[in-house]
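Q: Sequence:
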Amino acid sequence: MTPRKAVEVRALTLWQPWASAIAYGTKRIENRRWATDYRGWLLIHAGATIDPAAKYAVMARPFLHRPQPAAAVLGWARLDDCHEDDGMCTLWSASGQWHWHLSDVHRLARPVSWPGARGLWTPTPGLLDLVREAARA
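Quick note on this note's numbering: the sequence shown kicks off at 2 and runs consecutively.
Source of the hints: derived by calculation from the structure; they are not laboratory data.
Being a predicted model, the structure only gives us computed values, none of them experimental.
Be aware that a few hints might be false.
Distance ranges between label pairs, derived from CB positions [as the list claims (entries may be wrong)]: (1) C90 / P126: 20 to 26 Å; (2) W35 / L65: 34 to 40 Å; (3) A71 / A95: 19 to 25 Å; (4) A136 / S96: 34 to 40 Å; (5) G88 / A118: 20 to 26 Å; (6) D82 / T123: 16 to 22 Å; (7) D38 / D105: 16 to 22 Å.
In this text, a Cβ means the ideal position worked out from N, Cα and C, and glycines have one as well.
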């Protein structure tokens, strides 16, 4: 029997309502001030902070009146591209930011509580086990 190769996974903590807009909505671009060379699976983690500017963003309105889980993994997606602002690649794109393109988004029926971190972080094996368990539920 050949051992299974471990799949590389990273996580990204986002302020609400943006984490929910990815996990439960149609947001497929994450705007960042920095680029990444990482491509692959990415846990979508909702931080404990709510973006105060979200109340002025038309795209955020559907998520502002729903429960917004905090300090929890909401789902996962594939990060398949990262490029500089090239105009308006989607309605979710912010001018002057790096656009992280997400695809194959999956949401968890129940968020997995977990403290986040800044930047692109590596989830522990214990967190990955909890997410796998929650995905099967």
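Q: Any hints from earlier that this structure breaks? Give me their numbers in increasing order, please.
A: Numbers 1, 2 and 5, in rising order.
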